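With these hints in hand, go ahead and build the complete structure from the sequences.
Residues in the sequence shown are numbered consecutively from 1, following the working numbering.
Bear in mind the hints are in silico, worked out from the structure with no lab data behind them.
Be careful, since some hints might not be right.
Only pairs whose alpha carbons sit at most 27 Å apart, straight line, appear in this in silico DSSO-like list of lysine-lysine [claimed, not checked]: (1) K99 <-> K44; (2) K44 <-> K130; (3) K148 <-> K127; (4) K148 <-> K41; (5) K130 <-> K99; (6) K99 <-> K148; (7) K9 <-> K148; (8) K148 <-> K130.
Across the chosen pairs, the derived CB separations fall in these ranges [what the hints assert, rightly or not]: (9) A114 <-> E154: 51 to 57 Å; (10) R51 <-> K130: 32 to 38 Å; (11) A114 <-> S164: 28 to 34 Å; (12) T26 <-> S110: 23 to 29 Å.
Predicted model, so just to flag it, every value in this text is computed and none were measured.
Even glycine gets a Cβ: it sits at the ideal position worked out from N, Cα and C.
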Amino acid sequence: MTTNAILMKIDALLSHQSMTCSQLATELDVTPAEIITPLRKAVKSERFAERNGYYSVVLPAPSVQAAVRIPHAVVTTAPVDSFTGQIIAALTQRDMTSKELAEFTGIGASRISALLRYRVAQGSVSKATKDGQPYYHLEQRHECVSRKAFPWVEGAVVPVWVRSLAAGVQGCESVYIVAELDADKQSQGWPQFITAYIDIRLGRCICGSTAEDVSSHVLRYLPFDHSEVHAPHAE
1 MTTNAILMKI DALLSHQSMT CSQLATELDV TPAEIITPLR KAVKSERFAE
51 RNGYYSVVLP APSVQAAVRI PHAVVTTAPV DSFTGQIIAA LTQRDMTSKE
101 LAEFTGIGAS RISALLRYRV AQGSVSKATK DGQPYYHLEQ RHECVSRKAF
151 PWVEGAVVPV WVRSLAAGVQ GCESVYIVAE LDADKQSQGW PQFITAYIDI
201 RLGRCICGST AEDVSSHVLR YLPFDHSEVH APHAE
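Next comes the structure, spelled out in C-alpha cells:
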C-alpha cells in the first residue's frame, strides 16, 4: 500500500473520531510500524494533529460567511481537532438543527447526521423537537475538571501512545497501570487485578506492591495519565 493510499484511508477513519496508531493499524489490517512514519509526516505537515497518542484531522476554522448566515452565531476561538470537536464547539453556543450545524461548521450534511447519531447514542448530545423541528442540545455545556480516559492494552506490549504517558526522572520513566493477571499467576494466590507500573527503559511490567516482574503474566492493562489537571479559570 502506497503512502498516499494509507493517508487517504487514515483520513477517512479520523473523520469520525480520534484514534491511536494501534487502533488505525487494526482498522487498516497493517502493523503500527507500517503507518507510524506516514502519520508523523502528516502531523509535521499539519494534515493531522496528535495529542497524547491520539491522531485527528486538522480542519480550518468555520468561515465568517458561514457564521453570518446564522443569527447571533459566535465563532469559537477554542481549538478543535476533529469534525466532532467543531460540532461540540458549535453546540456550546446554543441548540441547533442539523442544517444549522452544517452551515456553521462547513461540514457536509451527511457527515453531520452520522456524527450526531453517534453522539446521541453516546449520550453527550440529546435530540429534542421544537415547533416540529429536531434540534440538538449539548448535555454538558459548562467546562469542568476532567481527564481523558485511555483504552485497555492487550498483552504486555507498550505502544507509542502509552510511552507518551511516562513520567519520572530521565532514564527511569514509568507509566502507572492496573494489570489483569492470567490464571497461572492467580493460582499462586495473586488477585486478578493489581496496581503496577511499566518501566519504560526496560519495557517490563512491575508489581507496585512486591516489585516483582509480572510481564509474562499480564493479559491486559489500563494505563493512567498522571500529569497535572488544570481547573478551568473562573470568569
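Cross-check of the supplied hints:
no.: 1; hint: K99 <-> K44; verdict: violated, 34 Å
no.: 2; hint: K44 <-> K130; verdict: violated, 45 Å
no.: 3; hint: K148 <-> K127; verdict: holds, 25 Å
no.: 4; hint: K148 <-> K41; verdict: holds, 25 Å
no.: 5; hint: K130 <-> K99; verdict: holds, 14 Å
no.: 6; hint: K99 <-> K148; verdict: violated, 30 Å
no.: 7; hint: K9 <-> K148; verdict: holds, 26 Å
no.: 8; hint: K148 <-> K130; verdict: violated, 34 Å
no.: 9; hint: A114 <-> E154: 51 to 57 Å; verdict: violated, 29 Å
no.: 10; hint: R51 <-> K130: 32 to 38 Å; verdict: holds, 36 Å
no.: 11; hint: A114 <-> S164: 28 to 34 Å; verdict: holds, 30 Å
no.: 12; hint: T26 <-> S110: 23 to 29 Å; verdict: holds, 26 Å
Hint check: violations occur at hints 1, 2, 6, 8, 9; the rest are consistent with the structure.
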